[in-house]
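So you can see what is in the structure, the chains are spelled out below.
There are 2 protein chains.
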Amino acid sequence: MAFIEKYKKLYMDELLTNCIPFWEDYCVDREFGGYFTCLDRDGSVYDTAKFMWMQWRIVWMFSEFYNKLERNPRWLQIAKIGYDFLTKYGKDDQGWYYFELNRQGQPAKAPYNAFSDCFAVMGCAAYYKATGDEGAKAEALRSFYQYCERENNPKGRWEKSMEGATPYKALGFYMMKLNLYDVLKENLGTNEFDEEIVKTIDFVLNTFRHPDLGVVFENVCLDGSFDLDTMNGRMTNPGHVLEAMWFIMNSSHKLGLKANEEKSMEIILKTLDYGWDTEQEGIYYFKDVLGKPHLELQWNMKLWWVHNEALIATAMAYTLSDRKEFLDWFERIHNYAWGHFKDKEGREWFAYLDRFGNPTHTLKGGKWKTFFHLPRCLYIVGNL
Amino acid sequence: MAFIEKYKKLYMDELLTNCIPFWEDYCVDREFGGYFTCLDRDGSVYDTAKFMWMQWRIVWMFSEFYNKLERNPRWLQIAKIGYDFLTKYGKDDQGWYYFELNRQGQPAKAPYNAFSDCFAVMGCAAYYKATGDEGAKAEALRSFYQYCERENNPKGRWEKSMEGATPYKALGFYMMKLNLYDVLKENLGTNEFDEEIVKTIDFVLNTFRHPDLGVVFENVCLDGSFDLDTMNGRMTNPGHVLEAMWFIMNSSHKLGLKANEEKSMEIILKTLDYGWDTEQEGIYYFKDVLGKPHLELQWNMKLWWVHNEALIATAMAYTLSDRKEFLDWFERIHNYAWGHFKDKEGREWFAYLDRFGNPTHTLKGGKWKTFFHLPRCLYIVGNL
Chain A
2 MAFIEKYKKL
12 YMDELLTNCI
22 PFWEDYCVDR
32 EFGGYFTCLD
42 RDGSVYDTAK
52 FMWMQWRIVW
62 MFSEFYNKLE
72 RNPRWLQIAK
82 IGYDFLTKYG
92 KDDQGWYYFE
102 LNRQGQPAKA
112 PYNAFSDCFA
122 VMGCAAYYKA
132 TGDEGAKAEA
142 LRSFYQYCER
152 ENNPKGRWEK
162 SMEGATPYKA
172 LGFYMMKLNL
182 YDVLKENLGT
192 NEFDEEIVKT
202 IDFVLNTFRH
212 PDLGVVFENV
222 CLDGSFDLDT
232 MNGRMTNPGH
242 VLEAMWFIMN
252 SSHKLGLKAN
262 EEKSMEIILK
272 TLDYGWDTEQ
282 EGIYYFKDVL
292 GKPHLELQWN
302 MKLWWVHNEA
312 LIATAMAYTL
322 SDRKEFLDWF
332 ERIHNYAWGH
342 FKDKEGREWF
352 AYLDRFGNPT
362 HTLKGGKWKT
372 FFHLPRCLYI
382 VGNL
Chain B
2 MAFIEKYKKL
12 YMDELLTNCI
22 PFWEDYCVDR
32 EFGGYFTCLD
42 RDGSVYDTAK
52 FMWMQWRIVW
62 MFSEFYNKLE
72 RNPRWLQIAK
82 IGYDFLTKYG
92 KDDQGWYYFE
102 LNRQGQPAKA
112 PYNAFSDCFA
122 VMGCAAYYKA
132 TGDEGAKAEA
142 LRSFYQYCER
152 ENNPKGRWEK
162 SMEGATPYKA
172 LGFYMMKLNL
182 YDVLKENLGT
192 NEFDEEIVKT
202 IDFVLNTFRH
212 PDLGVVFENV
222 CLDGSFDLDT
232 MNGRMTNPGH
242 VLEAMWFIMN
252 SSHKLGLKAN
262 EEKSMEIILK
272 TLDYGWDTEQ
282 EGIYYFKDVL
292 GKPHLELQWN
302 MKLWWVHNEA
312 LIATAMAYTL
322 SDRKEFLDWF
332 ERIHNYAWGH
342 FKDKEGREWF
352 AYLDRFGNPT
362 HTLKGGKWKT
372 FFHLPRCLYI
382 VGNL
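Sequence lines, in order, name chains A and B.
Using the working numbering, you'd call the opening residue of the first sequence number 2 and step up by one each time.
Using the working numbering, you'd call the opening residue of the second sequence number 2 and step up by one each time.
Pulled out of the complex, with its shape left as it was, chain A reads as follows (with noise of 0.2 angstroms):
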């Protein structure tokens, strides 16, 4: 079945007429390239920082509306402006894409992140599938293999851990190749990743959930055990864990994998459960499974793309199960969000809320926010 019509409605107005002309207006660097994406409530620049993860993923999402909304030359264009500057000085000469440059493009933080190559694989694929441009399939594809080396020491020689340190996996890592197995799949028009699609699908929902506690973790020491005695341990992320579930339960239900697809529902409605903040409303932004005191001292806040996954994994969830409880977290969520996110007297959405659901910043892109949740959440809903 296909999701409710008014809230497709809603979510494609509030793309079209606020979200993406917000980020046509004011993120394109028009003198040296790339994009800013620290901007204010008003649009204006408040540092021309160029963060790679930003950067890309920019790239990647005015590609994909050029592919899939509507071939808008202006769109790819804005697509080619970043595409351009960040395979001419995004990387070092290993090929390894920097954390961050400065606006003229000089390389101003490390390569030591393999999230930058990450948003890369996406940027180049879509922008591949936007144009035909083999250079761009053949750089999504070195990246994808870069990150994908980088699994087992993603920071490189930045990395600060040593041997009395506990070793972990990390779900973010894993979910990202997931989705970039999908990514990859989609705009190189490749079955080719199907068998590691699965694969990952399997080490994702058999790795980081806990047996008995049901509750999704962020790191699982290497053995496969859980490390309830640390800090890092009991690292939970609710909004990373619903970004990872419909991930998993989209290429499922591709795939055909109906308990996988059915197993990602039922942890959306545990994270759920755990992560929403019953007195206040709207998701925490990382909890302790133990309820012990958390080491981010901004752990009970309410972040924009959290919900925004939320909406995402409660929409689709509903679509493609017909469970009614699934329409009520999204209305719920619905309703939290467009209550507290939208800005209701400008443009674009707030990034952050305290715990009581009023924002504590005015920006509406930074070194953490950029065009990519609020547009990818609002088109998804609005095309289920």
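For the record, the hints were derived by calculation from the structure and aren't laboratory data.
Incorrect hints may have been included.
Copies of the same chain are indistinguishable here, so a pair counts whether it falls within one copy or spans any two.
Said to hold, decoys possible - The calculated PhoX-like cross-link candidates involving lysine-lysine, where the alpha carbons are at most 20 angstroms apart (straight line), are:
id	residue 1	residue 2
1	Lys-293	Lys-368
2	Lys-368	Lys-161
3	Lys-368	Lys-288
Take the given structure of chain A and dock chain B to it, following the hints.
Only chain B this time, still in chain A's reference frame:
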């Protein structure tokens, strides 16, 4: 003049009957040596990691109290348990202190942070004064010169900034350098650093205060200019400034540098006006000097240490100057801190409050809170 008797008594009572006993009861690892600092509300250990800053600060504080308050052999024994553990396991073969050890003493996080050496200086110097152990004196001096050597590249090979990033001088480095001179002067009984103390005071006062805005910045460009175009350039940390200013006020007073003593007092007033939350009370953790979006999600939270340092700064300024505005500020901060941070149903003080004054964590110690800011504040105010 001396500070007001009722407060002095209250602070010393709190130190002797609440703060010190809590740490005596729970922080000592009698099995492996060193300390537990991840202590929950009831003193239970929620992580056994041994963070270098937190460890050496305990050695320092118990040694200080042994030196200044009472020749209590239990305190010296607690200091020794840390000193022995840290000098045995704490540093790599180049003599750099790791950032973190595991419970048993194996290195868990690389020595990427110059403040690990910084707090070793403090711990060793006070431990030398307590014991006369020449090895501790030598280690204090060695660690101090190591800290100073790290001035231009404090993160060593773990530095991620590259040529496209604006390099800064950071207030934190120089305020701690000044504090270390003072600690060495006092505990080693030497005047050999007096000239450097004067130079460092001048450097801090003349480098980090913006001449027009009057605000002390956290980061200043190498050429002395202020970077108003970036998040890092506009970063201010009122708690750091208040801490730096009482270091300067105290050292200036001891050396008879009247002009600098007065300058530090003016900056204290300015910082309180600037950093105080006029709606919800308390001092902000961070502020963007132009009011633009702050990089840190938790910028508007209220932290115990900021208020401890503010209490010292205002009480000391009042004692030295007899100006009523400092007493007014002291009482305002006192009422806020004792009303919100002190755990009225348990022991010790909470660390983190949201903007509205609600504790967000139950912890009494952690990765960043140890036996340091609170007991130092209680002791100093109690003895002014």
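Honestly, which of those hints from before does the structure not fit? Of the numbered hints, all hold.
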